[in-house]
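Participant: Here the protein sequences come in this chain order: A and B. Every position in the first sequence, counted from 1, becomes a number in my numbering once 398 is added. Take the second sequence: its position 46, counted from the start at 1, is 37 in my numbering, and no numbers get skipped.
Derived from the structure by calculation, the hints contain no laboratory data. Be aware that a few hints might be false.
As the list claims (entries may be wrong) - A short list of chain A residues far from chain B (calculated; beta carbon distances all over 10 Å): (1) V404; (2) N420; (3) T424; (4) T439; (5) R457; (6) T460; (7) G461; (8) G468; (9) N494; (10) D531; (11) S577; (12) Q602; (13) A617.
Unchecked claim - Not everything, but these chain B residues come out facing chain A in the computed CB check (under 8 Å): (14) R44; (15) A271; (16) E368.
From the three backbone atoms N, C-alpha and C, an ideal C-beta is built for every residue, glycine too.
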Amino acid sequence: MNPEIVCENVDFSRHRSGKPVNTVLTDINVRFKSGTLAMITGETGSGKSTFLSILAGLRRPTGGRVFAGGKPVSQWISRHKDLWRRRVGIVFQDLNLMDHLSVMENIMLPMICRRMELPEIRRRSRLVMGELDLDELAGERTGTISGGQRQRTALARALIGEPDYLFADEPSAFQDDKSVSRILTLLAGRADKGAVVVVCSHDQRLRDARLFTANYRLAIGRLTMMPPMAGDAGHRPGDKS
Amino acid sequence: MSRFVRHPLMAWAVRDLLQHPVELVITAMAILLITLVLSVSLLVPRALSDTARRILSKSPDLVVRGVNSGIPVPLPVREAVASAKAVPGALNIRARWWGIAKSGDRWVTVVGVDDRLAGIFRQWGVAPPLAGEAVTGRGVTSGEKIPVLHLSGAVDLSLTIASLIPKQLDMISHDTVYLTKDDAASVLGIASGYCSDLAVDVFHENEAPALAADLRQAFPWPVHIVGRMDTAGTIQRRYSRLGGYLMLPIIPAMTVLLIMVGIAVSIRRGRRAEAGLLKALGWTGADILQCQLLKTLTVVLPAVILGSGAAYTVVFQPGMNWAAGLWFGWEYTAPPLYLSASSAGLVFTSVNAIVLLPWLAADLFSSINAFTADPMELIEGAMKP
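Based on the sequences and whatever the hints tell you, model everything.
Facilitator: And the structure:
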């Protein structure tokens, strides 16, 4: 079944005892089709990260439903959702790396539980490390490397499972232009293979790349589609046109 | 590459354990010591009980002793045997010559060898003693090679030590000197034609109490009759008391174990964010539990096995003199204790269960959240104070 994500009247609010209800997302209806490379922008605190975590099945919406490939994953019990999450790759805004592990071990983490033999996992992780210029850092602990390298490690960890759904929260914040281009190529490559790729970012360089097939803005808990800019979509880094 | 190394979850569990080497070593050592204490505490009473049962199984069903004003006196052999034979159901009636005498500064048990004992000796490849010879248990000479044994009793005797009792019989012959009937009678001061007591067997041990009453009636002199079950009761009472003392260390050992399990649960709860992250990366609750179980078994199982092995060595290898001294009053080289296979199985299964189950329960308890909670709930929950 083609990967596709549909949000149907999705709400999210936080309930904390003694404090007023904090509404983060309100009535979000959106469809991310297979092959979509979507970008969501918005002010800090507008709920972008919360929305991504709902799309990735990391938390349940307080209202509405999220469908993946036509299945209501947001309503599934934890056991089923855990298995579905193997089709998801996620880059957290704060990266959530295990700093006591090496770069390679962090990247291998999603594959450990997938009944795959270690040599194959190592082969895959070397491949993805090569794509993100991390080869030299395989044995380094992530606590000792730079912010940009950490970010690329988190992206490599999200990509190693060749996910059908890829969600990246500020994946380019600490990258130089060359690395941004490399990251965009990888994200677009996943979308080209039919994955749903959703990126939340403030990074103007991503906007300028004119690569995204859909652009959204999240403000006051509501998601709105932005009109395409001239030259948006269809363009890939390295394209001659 | 071995299957172990190829299995990623197993390799990951080991890798994760090695992240905390100090914690790993302390936990393993503590579990080993707890297992050692628990195993010794459970093994010794069991082994003593089994050993006592084994010794008793070699003893006669009933022993008839002559008494005069409550003091044991020798029995006239011919009349005593005839009286016992008159009681229906009394089997294998045999006179025995035995008592205690001094060898140097210690007391030893002196036994006169009759035809039945001589047969048992031959079965074990030991020649029965001739006049002027002694066959001794290993405790009599403390394992030293002494050619001549001096015994002091009603008379003093110097006897050539012809051979030692085989190790397998040490438990029943440890401090015993076997002599000919005549040499035994002379050192014990038993007149010719008399014996120390009569041993009587019955067809079934349940008949012993009834037969004891009949025997008491059958003798023309006052006799005191002791059954094997009476002796077993006495030994059982001593065993229970000793067993109670030996089980005292179980309480602090269990307390330490439960504190350790509590600390482990608390540490794992502190690592909720890690569980949340693993779930976010595609691990299931079952994967997280399986990994935790592998880690537990990797540490706890070898520690329990080593602790049990160490306990077995402590209890059953030479060096267990303290137990033999407590139980039998032996002051010299103690014979090995005996433990039946079923007792060994019971003890080691119990210890494994006592030590392993709390850890496995802790694994389950600390992994419950990983089964039910959403990843962000675990990650954000761990950040809350």
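Participant: All the hints need checking, so say for each whether the structure fits it.
Facilitator: Cross-check of the supplied hints:
{"no.": "1", "hint": "V404", "in the structure": "holds, 20 Å"}
{"no.": "2", "hint": "N420", "in the structure": "holds, 14 Å"}
{"no.": "3", "hint": "T424", "in the structure": "holds, 19 Å"}
{"no.": "4", "hint": "T439", "in the structure": "holds, 22 Å"}
{"no.": "5", "hint": "R457", "in the structure": "violated, 4 Å"}
{"no.": "6", "hint": "T460", "in the structure": "holds, 12 Å"}
{"no.": "7", "hint": "G461", "in the structure": "holds, 16 Å"}
{"no.": "8", "hint": "G468", "in the structure": "holds, 21 Å"}
{"no.": "9", "hint": "N494", "in the structure": "violated, 5 Å"}
{"no.": "10", "hint": "D531", "in the structure": "holds, 22 Å"}
{"no.": "11", "hint": "S577", "in the structure": "holds, 23 Å"}
{"no.": "12", "hint": "Q602", "in the structure": "holds, 28 Å"}
{"no.": "13", "hint": "A617", "in the structure": "holds, 22 Å"}
{"no.": "14", "hint": "R44", "in the structure": "violated, 53 Å"}
{"no.": "15", "hint": "A271", "in the structure": "holds, 5 Å"}
{"no.": "16", "hint": "E368", "in the structure": "holds, 7 Å"}
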